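Enquirer: Each chain, written out:
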Amino acid sequence: MDLTYAPALESAAIAAIKPRYQLFLDGAFVDGGGDDLTSVNPATGETLTTVSTASAADVDRAVAAARRAYDGPWSRLGGAERGKYLFRIARAVAERSRELAVAETLDNGKPIRETRDFDVPTAAQHFFHHAGWADKLGHLGLGPAPRPLGVAGQVIPWNFPLLMAAWKIAPALAAGNTVVLKPAETTPVTALILAEILADADLPPGVVNILPGAGDVGSAIVNHAGVDKVAFTGSTPVGKRIQSELAGTGKKLTLELGGKGANIVFADAAIDQAVEGIVSGIFFNQGQVCCAGSRLLVQESIAEEFLERLKRRVETLRVGEPLDKNTDVGAVNSQMQYDKITGLVEVGAEEGAGVWTSSCTLPDRGWFVAPTLFTDATASMRVAREEIFGPVLTTLTFRTPEEALAKANNTPYGLSAGVWTEKGSRAMGMAAGLKAGVVWDNTFNKFDPTASFGGYGESGFGREGGTAGMAAYLDTDDEGAL
Amino acid sequence: MARLTVAKTYKLYLGGAFPRSESGRTYQVHDTKGSLMANAALASRKDARNAVVAARSGLATWAGATPYNRGQVLYRVAEMLEARRADVVELVVQSRGVKVAEARAEVDAAVDRVVHYAGWTDKLSAVFGGANAVSGPYFSYSAPEPTGVVAVAASSASPLLPLVSAVLPVLAGGNTAVVVASQADPTVAVTFAEVLATSDVPAGVVNLLTGDQAEIMPWLASHGDVNGLDLTGVPADQRVALERAAADTVKRVHSPRREPDFTAAPGTARLRAFLETKTVWHPVGGISLASGSAY
Numbered sequence: 029m030d031l032t033y034a035p036a037l038e039s040a041a042i043a044a045i046k047p048r049y050q051l052f053l054d055g056a057f058v059d060g061g062g063d064d065l066t067s068v069n070p071a072t073g074e075t076l077t078t079v080s081t082a083s084a085a086d087v088d089r090a091v092a093a094a095r096r097a098y099d100g101p102w103s104r105l106g107g108a109e110r111g112k113y114l115f116r117i118a119r120a121v122a123e124r125s126r127e128l129a130v131a132e133t134l135d136n137g138k139p140i141r142e143t144r145d146f147d148v149p150t151a152a153q154h155f156f157h158h159a160g161w162a163d164k165l166g167h168l169g170l171g172p173a174p175r176p177l178g179v180a181g182q183v184i185p186w187n188f189p190l191l192m193a194a195w196k197i198a199p200a201l202a203a204g205n206t207v208v209l210k211p212a213e214t215t216p217v218t219a220l221i222l223a224e225i226l227a228d229a230d231l232p233p234g235v236v237n238i239l240p241g242a243g244d245v246g247s248a249i250v251n252h253a254g255v256d257k258v259a260f261t262g263s264t265p266v267g268k269r270i271q272s273e274l275a276g277t278g279k280k281l282t283l284e285l286g287g288k289g290a291n292i293v294f295a296d297a298a299i300d301q302a303v304e305g306i307v308s309g310i311f312f313n314q315g316q317v318c319c320a321g322s323r324l325l326v327q328e329s330i331a332e333e334f335l336e337r338l339k340r341r342v343e344t345l346r347v348g349e350p351l352d353k354n355t356d357v358g359a360v361n362s363q364m365q366y367d368k369i370t371g372l373v374e375v376g377a378e379e380g381a382g383v384w385t386s387s388c389t390l391p392d393r394g395w396f397v398a399p400t401l402f403t404d405a406t407a408s409m410r411v412a413r414e415e416i417f418g419p420v421l422t423t424l425t426f427r428t429p430e431e432a433l434a435k436a437n438n439t440p441y442g443l444s445a446g447v448w449t450e451k452g453s454r455a456m457g458m459a460a461g462l463k464a465g466v467v468w469d470n471t472f473n474k475f476d477p478t479a480s481f482g483g484y485g486e487s488g489f490g491r492e493g494g495t496a497g498m499a500a501y502l503d504t505d506d507e508g509a510l
Numbered sequence: 020m021a022r023l024t025v026a027k028t029y030k031l032y033l034g035g036a037f038p039r040s041e042s043g044r045t046y047q048v049h050d051t052k053g054s055l056m057a058n059a060a061l062a063s064r065k066d067a068r069n070a071v072v073a074a075r076s077g078l079a080t081w082a083g084a085t086p087y088n089r090g091q092v093l094y095r096v097a098e099m100l101e102a103r104r105a106d107v108v109e110l111v112v113q114s115r116g117v118k119v120a121e122a123r124a125e126v127d128a129a130v131d132r133v134v135h136y137a138g139w140t141d142k143l144s145a146v147f148g149g150a151n152a153v154s155g156p157y158f159s160y161s162a163p164e165p166t167g168v169v170a171v172a173a174s175s176a177s178p179l180l181p182l183v184s185a186v187l188p189v190l191a192g193g194n195t196a197v198v199v200a201s202q203a204d205p206t207v208a209v210t211f212a213e214v215l216a217t218s219d220v221p222a223g224v225v226n227l228l229t230g231d232q233a234e235i236m237p238w239l240a241s242h243g244d245v246n247g248l249d250l251t252g253v254p255a256d257q258r259v260a261l262e263r264a265a266a267d268t269v270k271r272v273h274s275p276r277r278e279p280d281f282t283a284a285p286g287t288a289r290l291r292a293f294l295e296t297k298t299v300w301h302p303v304g305g306i307s308l309a310s311g312s313a314y
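These protein sequences, in sequence, are chains Y and X.
So in the numbering used here, spot 263 of the first sequence is number 291, and the numbers just go up one at a time.
So in the numbering used here, spot 126 of the second sequence is number 145, and the numbers just go up one at a time.
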């Protein structure tokens with residue numbers, strides 16, 4: 029009897045993708061001075077739409093518009109009214125959620141189940157949560173009257189295009205700043221649908237400007253003399269370059285960079301739950317997650333059995349058409365990312381890390397990578413140290429909790445970690461010892477706007493979400509002085 | 020015949036000991052009348068690197084101490100500084116030629132500043148962390164943790180208060196420090212190190228270098244085992260290179276845009292500059308909903 033699922037395709041037409049998108053600058057949709065880019069559907073390799081891009085002159089115009097809005101209507105508005113705009117935006121994101129989910133899946137390649145159930149609702153929640161802070165800045169614990177910084181320049185990645193835009197824009201506006209944001213070159217569509225929502229919400233012109241383009245546009249924004257605050261999410265090398273470029277400028281900087289998160293399974297873990305957690309930790313969003321649990325640390329006494337169960341579970345992951353509601357693993361985002369992932373898998377195999385790949389069939393077009401495990405890696409191998417940013421899990425073993433902690437912390441990164449054990453004191457004790465900004469005990473990949481997210485060490489600094497996330501967009505009374 | 024005074028040799032403070040510079044170098048410090056106050060150690064690159072090693076080894080002890088214990092130790096610093104008040108006042112007067120009343124005011128303010136930060140250690144989690152009201156059956160909390168090893172360039176605005184104002188928030192947060200003292204005031208800085216050494220501050224928690232900040236700070240800014248930089252004492256035109264070097268390992272940098280008013284009541288920016296927020300999640304399961312409560 030054939031028990032495989034029948035296709036359950038979401039309609040691409042729901043996204044109503046336009047043939048061409050424009051910049052959102054000073055409240056209007058306009059053509060930019062840069063060359064058009066084509067955004068490609070990673071599941072097919074076909075052109076999805078054409079997008080106008082910004083030139084350096086457009087960046088000047090956008091920063092000037094943001095400054096006018098900051099000096100003018102936005103700062104005169106008062107916190108309560110600012111908050112009402114954000115509440116309005118949150119509602120509108122929810123209202124257009126199905127369209128946004130489909131558009132995100134088409135532009136990014138991630139499964140509709142994730143865009144529908146995670147990316148879009150969490151984006152709406154970020155606007156809703158931060159809306160409420162706008163008139164309560166004095167209650168943040170940052171002094172009686174923290175002030176906005178001015179114009180925020182924001183550059184976001186392609187792995188959660190709409191959600192990252194929400195993570196950046198919502199706290200910036202709640203704190204009273206105005207925004208110039210660049211979406212990623214390969215995923216500009218949902219940020220520009222969000223721009224339509226902002227325009228429909230009657231947000232004053234210039235408060236948010238969205239400028240698609242490549243790295244040169246991002247560089248022009250973060251280095252613009254009229255920008256007071258820079259927030260970047262992306263790779264550690266680019267983050268380091270931005271920190272270096274901003275040296276001496278006095279611009280407030282927050283960086284959300286890479287990671288190589290350890291997901292630690294003790295022998296006393298609830299094994300079925302741990303297997304699910306490891307799978308979600310590395311195959312969620314095709315592993316293209318800065319906080320992915322990309323290093324499995326499993327206690328030696330159960331390693332063999334655990335890996336067998338893990339392989340059995342990974343075999344059942346449905347890889348393919350992202351618009352299919354039953355799909356677990358979609359397409360990786362671009363040819364470049366595909367090449368990077370497959371290149372590092374080859375490196376791991378050459379290093380002798382023991383490569384195992386799911387026997388799933390892959391679509392004959394688009395950028396799909398079969399879920400892959402390295403079953404026998406050592407700490408010095410590249411696949412145990414470098415961020416792969418794909419559906420590839422590297423396995424190491426340990427004997428004692430102390431060894432697990434030492435191995436988990438043996439990385440310049442420090443973004444996330446997971447701990448699987450049924451022993452409460454061990455779960456909390458490991459959480460205390462892990463050098464990571466987020467620790468998930470007996471769960472993984474949980475996010476909430478009330479819970480600060482961000483890294484230790486070379487995973488960046490500053491937080492998003494929670495009161496620490498608001499602090500990233502405020503000048504507190506004592507910051508320039510004592 | 021007048022008694023010949025016994026002059027003190029001013030050395031570095033590294034890992035709980037007072038060694039000379041490994042380079043053997045010294046520089047002469049004069050009072051405002053031109054008389055020799057001391058031959059202070061002119062710290063070298065190797066001293067700076069030794070200081071980082073000491074600070075790293077002190078970190079586990081200090082960050083692992085309970086906040087209550089850290090508060091008690093820092094309060095002990097205030098007690099010991101109060102006990103050395105007369106010595107320090109005299110050194111400040113000699114070093115800067117200020118009136119005794121002014122020197123006393125500075126030392127008193129420094130003691131009070133230490134007390135202020137001693138009281139912070141067990142309140143950081145309450146003020147900068149707490150339970151997160153997440154929308155799901157999870158207990159989620161966020162709490163501040165120390166950044167790690169922080170290199171501090173103390174301001175030379177005056178001999179003691181800027182030094183104390185920079186070092187104490189670093190310590191209150193559970194970090195350890197490599198401090199490059201104001202070049203003009205090594206006698207006051209080393210006396211403060213003696214206060215720390217007799218206050219139950221564990222070895223390596225504070226490591227004090229005297230000498231030329233412009234020579235030493237670049238080594239600390241580029242050091243791979245330094246996690247944070249406080250550039251308060253560095254002139255604005257020299258900060259760019261240090262901030263650029265810090266980017267190689269994504270160091271946290273505190274670089275105040277205005278000249279601080281050290282006599283003002285401190286805020287929390289210096290504390291927050293060297294704290295990391297850790298968020299921890301744990302499922303609570305259906306039982307939390309069955310009982311009608313959530314975190």
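Please keep in mind that the hints were generated in silico from the structure rather than gathered at the bench.
All of these numbers come straight from a predicted model, not from anything done at the bench.
Cβ atoms here follow ideal geometry from the backbone N, Cα and C, with glycine treated the same way.
Hints should not be assumed to be uniformly reliable.
[As the list claims (entries may be wrong)] Pair ranges (Cβ atoms, derived): (1) X:Pro-237 / Y:Glu-450: 49 to 57 Å; (2) Y:Arg-48 / X:Ala-176: 53 to 61 Å; (3) X:Gly-304 / Y:Arg-126: 46 to 54 Å; (4) Y:Ala-295 / X:Ile-306: 19 to 27 Å; (5) X:Ala-102 / Y:Glu-430: 37 to 45 Å; (6) X:Ala-283 / Y:Ser-408: 30 to 38 Å; (7) Y:Ser-329 / X:Gly-83: 26 to 34 Å; (8) X:Asn-88 / Y:Ser-329: 32 to 40 Å; (9) Y:Arg-48 / X:Asp-267: 39 to 47 Å; (10) X:Asp-231 / Y:Glu-109: 47 to 55 Å; (11) Y:Ala-84 / X:Asn-88: 52 to 60 Å; (12) Y:Pro-101 / X:Asn-88: 25 to 33 Å.
Enquirer: If a hint holds in the structure, say so; if it does not, say that too.
Expert: Evaluation of the provided hints:
Taken as a hint, the range 49 to 57 Å holds for the pair Pro-237 (chain X) and Glu-450 (chain Y), whose Cβ atoms sit roughly 50 Å apart. The given range of 53 to 61 Å is respected by Arg-48 (chain Y) and Ala-176 (chain X), whose C-beta atoms sit roughly 58 Å from each other. A hinted range of 46 to 54 Å is violated for the C-beta pair Gly-304 (chain X) and Arg-126 (chain Y), which are about 31 Å apart. Hint check: Ala-295 (chain Y) to Ile-306 (chain X), Cβ distance near 25 Å, so the stated range 19 to 27 Å holds.
The beta-carbon spacing between Ala-102 (chain X) and Glu-430 (chain Y), approximately 41 Å, falls within the hinted interval of 37 to 45 Å. At roughly 51 Å, the beta-carbon separation of Ala-283 (chain X) and Ser-408 (chain Y) lies outside the given 30 to 38 Å, and the hint is violated. A beta carbon spacing of about 29 Å between Ser-329 (chain Y) and Gly-83 (chain X) agrees with the range 26 to 34 Å that was offered as a hint. In this structure the supplied range 32 to 40 Å holds for Asn-88 (chain X) paired with Ser-329 (chain Y), their Cβ-Cβ distance being about 37 Å.
A C-beta distance of roughly 42 Å is found between Arg-48 (chain Y) and Asp-267 (chain X), which places it inside the suggested range of 39 to 47 Å. With their beta carbons about 54 Å apart, Asp-231 (chain X) and Glu-109 (chain Y) fall inside the hinted range of 47 to 55 Å. Against the hinted window of 52 to 60 Å, the Cβ-Cβ separation of Ala-84 (chain Y) and Asn-88 (chain X) comes to about 55 Å, which satisfies the hint. For Pro-101 (chain Y) and Asn-88 (chain X), the Cβ-Cβ distance of about 52 Å falls outside the hinted range of 25 to 33 Å, so the restraint is violated.
Consistency with the previously given hints fails for numbers 3, 6, 12, ordered from lowest to highest.
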